[in-house]
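Got chain X sorted already, so can you dock chain V onto it with the hints?
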Amino acid sequence: MSGDQDGRRPAGSASGLSFSQTGRSVAMIGLCFKILLLSIVTLTVYRFWGRTQVRRYLWGHTVIDGEPLDYLGKGSELLIGFVIAFILYLVPLGIAINVIFTFWPPDPAGRLVPASLPWVFAVEIGFVYLVMVGLYQALRYRFSRTAWRGVRFSLTGSAFGFGVKALLLIFANLLLLGLLTPVMDLAIFGSIARNTHFGDKPFRFEGKARSLYGPFLLTYLLILLLLAGVGAGIAYLTNMTVGMGGQINEKTAPEALLQYLPFIIMGYVFVLLLVIAVTSFYAARSLRVKGSGLRFEGLSFKLDAHTLSYLWLLLSNLFLIIVTVGVALPITELRRFRYIFSRLSAEGTVDLSQIGQSTGPRPRFGEGLAEAFGMGNV
Amino acid sequence: MSEAAFDGIYNDGRQAGAEPVRVLIKADGLLIETLRGSDLAFWPFDEIERHPDDEEGRIRLGSAKGGDARLAVSAAGFAAELRAKAPHLFRKGGVGSTLRLALLLGLLSAGVIGGIYLGIPRAAETVAPLIPPSVETRIGASYIRSVKQLWPACAQDGRARQALQDLTNRLLDKTKIPFAVSVDVTDMKIENAFALPGGHILFTRMIIARMESPDELAGVLAHELGHVVERHAMIGVIQQTGMAVLLQVLTGGSSGSSEWALNAAGSLATLSYTRRLEARADAHGLEMLKQAGINPRGIADLFERLEKERAGKTGLGLPPFLSSHPPTQARIALARAAADAPGKPALSPEDWAAVKALCAPKTTEPAPQDDTKEKPPKPAR
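Going down the list, the sequences are from chains X and V.
Using our numbering, the first residue of the first sequence is number 592, and each one after it goes up by one.
Using our numbering, the first residue of the second sequence is number 42, and each one after it goes up by one.
Okay, chain V solo, but in the shape it has when bound:
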């Protein structure tokens, strides 16, 4: 069997010198020998790796088991001869393998994000009770400060404040709570109520405006107090921080395109609490109402009104207070079931009027339809 021999240059990978060699293309590999004919190395085809050709078009090869040894061959005819025996060295690895890698990486990162999205809420629920309430109080203080900067609390009406405080105390009468709870009404263009870390509860003017009786106010307040007692706001904070950190791991610190991924995932994370947490806050709330002798019919009425309005609207005009909450019909049913006793009114008519007057608009506005995008504020960091 006749073998072609080609001239090449060989670096043995042990020292930086180079040696002119003869390269023989055998049936199963390349035999590299000195010009005098003694063997230097034998590289089986399936162990050969191709390195980028150099500027002069020399084919540069290495061996998977040959360390950093290099062989460079420029002789005409070598390429054709080698291709016949080892076509895999001449295949354009390009498109197919790159796409496979991209697909794999895409799936991997999607999987990681999915895992994070499902795992972090659970982890946050486990960690939150371990954070001392004093720390949560500090966090809450910085939250409430930045909120009040953006949306000033409404005019301090002594009577209304006292009424809200009394109602809060009445609801918390039998409940132990590690925070000094504060209740404020702010002029935010959204129908919602929030429980911030550290026991700060915020009503928006617009949700107060939708309430038709003090029992409705008490119902929403009790629900938010449920969040406070269970420290759900702390869970939310941990959830958001954890989500941001882990996404940062995935996308790296500073690359521009990673920003959008981070933001997209971040807004997913602000979908506030899971339904399970909302249901727990509901249960707590109903319990508090019962203890305080307030009829839960109020909150059922409010839910029903908001729900009816939603049904009447085309599209997804879900009032924010309902959007993140358990299926409304079930909640209404639950509240109705609890509404057996007549109960005492939550506030006196005078107090109720004072609360309603907080932040009251100068002229009566129509219920806004598209201000529902506003999000609860985040702490300024």
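So that you can see chain X by itself, here it is in the shape it has in the complex:
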């Protein structure tokens, strides 16, 4: 748990660290509307500067041991990074898709012709790969623009190597019907954590997938049951429709379905909420394992995430985004930051004066690929 700020330690040797996020949602409302208005006026180009302002606020109110983080990125860096990534990756990908559909146009019903499948599959693999590469590059940019006590964070390692690793894990997990999820989850987090540095010292990660399998298998089972339940429900409803509408034929079926549309939508939302609820059990545990596996110098971390609080965060953020049509996105990010940093703590000792300035990579431009895939939210 985050304690109160126990005073600054000018000399630099700390025993334990406290974390807090002091930003206020209400204080961000004005910023949200400013970004919305200016984005419309500038045909959305302002979003890069808006994002930078949001981060400055989020970082500036993330307080570690009495000292806030500094966000040192610029809107222009995000814009240029985006344009470069678009030309380098997305345009070729778009051309590839167009070429494929030119040579093998989908049939009139919109189904893909078999001959095009290998190519479509290849493009989709390329897409997933680039998403993972983009994720890594985005983190690298953010870390390199984050400083605490005048020292920067950094992310070393190859983004393309990370992409290959993540792709293999995702593929293996698909083959095993998702049963590899905890391994994949922690392997991906671990390769990011182990390449993360504060100043010239690396983080370490000692989380074990073993400790996640109990909650995971339970979640997995619940989801299977849920799917079976949904299947049975649909079968039951279909029978009822036939019973009431008599013979199903092409004319009456859509009308009968239309009659039940509100129920279908409600059922869909209900199932979605159930899935979120069930998975948040695993997700909270995964957060806890990730937090407690994290080490830095003599510090070991602890993240006190629990199912109900995490479920509340997910649902309330989802609600905020839907109700405000996305305008409140920065506020949901603040709430995520607050969730993590109010539950994060570190025990042990670290001599901060022994941590030199970062020599890690400092990309000149930011997060192009992630932005191009619509992931550059924060």
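Some clues are possibly wrong.
[Said to hold, decoys possible] Below, simulated DSS-like cross-link-like pairs (lysine-lysine); rule was C-alpha separation at most 27 angstroms, straight line:
#1 Lys792(X) with Lys106(V)
#2 Lys106(V) with Lys665(X)
#3 Lys230(V) with Lys331(V)
#4 Lys665(X) with Lys133(V)
Keep in mind that the hints were calculated from the coordinates and are not lab data.
Chain V in isolation, oriented as in the chain X frame:
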């Protein structure tokens, strides 16, 4: 000269330790020294950058040339003293600079869109001839399939089809063309004719209904064949794709507000061909009519009738076939000038009747007035 000294905390930007310091406000900058009085750094006012104050209200400063070094000062009176010497650090950068940035970005994106709008048609004209006709044929196949799904081609009347095919062959007699041209009539509620990629020509029932002689049909067909020969449909496809891709660059993939910008610009792009291309199709068409010995008076008559109707209407009720085309009077004059020879009729009266009967409505409808919004279909992707 007396100098105020304040207590602060200093991170030197080389290691993560922190040091308690004394900060002296000099005439031209801040002098940061250790508690023992040795100099650590001197920051000229014009190089100082202000970082957000922290929760305790400490003023946090850095220096443009000082790397990531940070100075935090909470002492009472420091703010007032610093403001007197370096007021720029206390100016609310807010409204003015944000508006300037927004204006700049707005102009920039408007400029990019303008450039795209002017540049892409040119680029498309350059690229289109490089696309192999076999590729255009494939694209055309997917177009025509989705069109026929939305607007089924009218009942297959053997005589009418043969007549249209014969007329097409007659017009193309002296012209080399890399496509197998097909001509169809569809039941679309719009007066227009289209040349799709790959040599598919579509007449709507309603434009056929407006024609009073087979020579008028031949005139419009020749014009569309002009588009086919010059591969204008391919230019159109490239133009639309390029426009969509470049606007995507500008607005990013998935943000909701970018969608409207994309759609708005997209519909601008579907304003079909430039006038220059239409004029070229006209020239080709007239040439074909001449070669085939058909009198271009037909198309002049049709234009004139549509034009008269437009003039009679209030507002912008421009028939679609004319809206994207060169100034009508000039075209009519051009066609009339070419109409020197009497020529042979384009179709026999029997064939003409068969074509007119394609898609014929069960009851005679009045000419619709507001169905002109319908757009040529796009391929289903």
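**Item:** List of violated hint numbers, smallest to largest
**Value:** Of the numbered hints, just 3 does not hold.
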